[in-house]
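Enquirer: Line order of the protein sequences matches chains A and B. Here the first sequence stands for residues 1 to 224, where the numbers follow the working numbering. Here the second sequence stands for residues 1001 to 1221, where the numbers follow the working numbering.
Some hints here could point you the wrong way.
To be verified - Computed list of lysine-lysine pairs in DSS-like fashion (alpha-carbon distance at most 30 Å, straight line):
| id | chain 1 | residue 1 | chain 2 | residue 2 |
| --- | --- | --- | --- | --- |
| 1 | B | Lys1002 | A | Lys76 |
| 2 | A | Lys55 | B | Lys1002 |
| 3 | A | Lys55 | A | Lys135 |
As the list claims (entries may be wrong) - Have a look at the derived ranges for each label pair, beta carbon to beta carbon:
| id | chain 1 | residue 1 | chain 2 | residue 2 | range |
| --- | --- | --- | --- | --- | --- |
| 4 | B | Leu1005 | A | Arg70 | 23 to 31 Å |
| 5 | B | Leu1110 | A | Lys55 | 40 to 48 Å |
| 6 | A | Gly133 | B | Pro1172 | 28 to 36 Å |
To be verified - From the structure, some residues in chain B lie toward chain A, with a derived Cβ separation under 7 Å:
| id | residue |
| --- | --- |
| 7 | Lys1002 |
| 8 | Ala1003 |
| 9 | Ser1048 |
| 10 | Thr1066 |
| 11 | Val1082 |
| 12 | Gly1154 |
| 13 | Arg1156 |
| 14 | Arg1157 |
| 15 | Gly1159 |
| 16 | Leu1174 |
| 17 | Ala1219 |
| 18 | Arg1221 |
Hints listed in this document are in silico derivations from the structure and should not be mistaken for laboratory results. Keep in mind the model is a prediction, meaning the values are calculated, not measured. C-beta: ideal position from N, C-alpha, C; glycine also.
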Amino acid sequence: MNLVAENLRVTRGHRTVFAGLHLTLAPGGALILAGPNGAGKSTLLRILAGLLPVKTGDVRLGETPLREDRAGFVDKVLHTGHLDALKPAFTARETLAFQADLYGAPPERIDGALDALDLGFLADQPVRVLSAGQKRRLGLARLALVERPLWLLDEPTVSLDARSAGRVAQMARDHCAAGGMVVAATHIDLGIEGAARLDPASFAPGEDPAMPTRDDAVLDGDAW
Amino acid sequence: MKAFLALIRRDLAIAFRTGGGGALGVAFFVIAATLVPFGVGPLPELLSRIAPGMLWIAALLACLLTLDRLFQADVEDGSMDVLALSPVPLEMVVLAKCIAHWLTTGLPLLLAAPVMALTLRMPEVSYPAMIASLALGTPALSLIGAIGAALTAGMRRGGVLTAVLVLPLYVPTLILGALAVNASAMDLPAAPYLMLSGAITLAALPLAPFVAAACLRLAIR
């Protein structure tokens, strides 16, 4: 099941962020989105997650086209954004219990997900007393809770210490090793062997708004 | 279904842990209705004449009080992304949140209304009609209000705008609710007004979640 995006074009406000963007990703592959602020990394991830509409171009995951079958597409995707989606009044365990119910994940996985991000000892603490890094980890615990083939990670290691960042990188490596796919916007090295890099800024239109498609920049997942 | 119930439980838990559940809305309702005798004077005939309308206006305002945070909090902390990417359709998410909103706003008003009716010297014969009109009308307030709340969900200070957008849409419910109570006070049948009020709720039940979900899709862009 390959992830294929073709000829994506994105405008934010009246500015074209990128146009003619192509990418492909094979099972077990990883794609690191690098590039300067405002290059469109988060926007690209939100498009691939189905949160932003695809206006031009096409996104497919295996045989499932995002535009025609959003529900089927979204069922294969897990997205973690800048915001941790936490409610201060809930404990860590309650937060994951709700997400398990919402995403149809078995509740037996909750404790494993907490342990995967070293949150076991905080399970019954309300989110409001957690530190920024602990909140971040709880926001990422969904990755260990819900099984989805495609992970879309937006700056997953922000405010994490080196050890926790290492844990997240290890989770991403394990996910790829198990045949999953990871697209991550990150400035640290997740250490995934053969991970491709993509800078959405290289697809930014220059002076010419009708910039041709950059076929030479097409990423081929088969190589890794 | 499990996810739907989990959504309702979650919103109820948030309401009870952070906003005192329905207590705040009821307190507002009680204070707003108590202000009336101070403003218009304590004449029983006057109070019992305007009581139905005042009760209903107080109910509308109490409902608005919690409405602007219905989606805004979730959009701000990223929860809406998690909800939008879940297998639950966004329309059902909206419906679940409306149900939770009604349980923490509309239902407590129903329970507090008799006390306020007593304060405002409403004739005893109108109590059943008043309870019935609130029971049939307040779900529409949550559902129609969800549209306004969804429209302003992406704004920092959308509260007043929500009120401006939503209050005109509450007019039919207000008229029919107050008419039902007035009719019963004059020994006329309240049923036609109650049925029309219920019809608004029934029409809003399938329509409002679709409109609100469409607005939310814009808010999370």
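Enquirer: What hint numbers does the structure not satisfy?
Expert: 2, 3, 6, 9, 10, 12, 13, 14, 15, 16, 17
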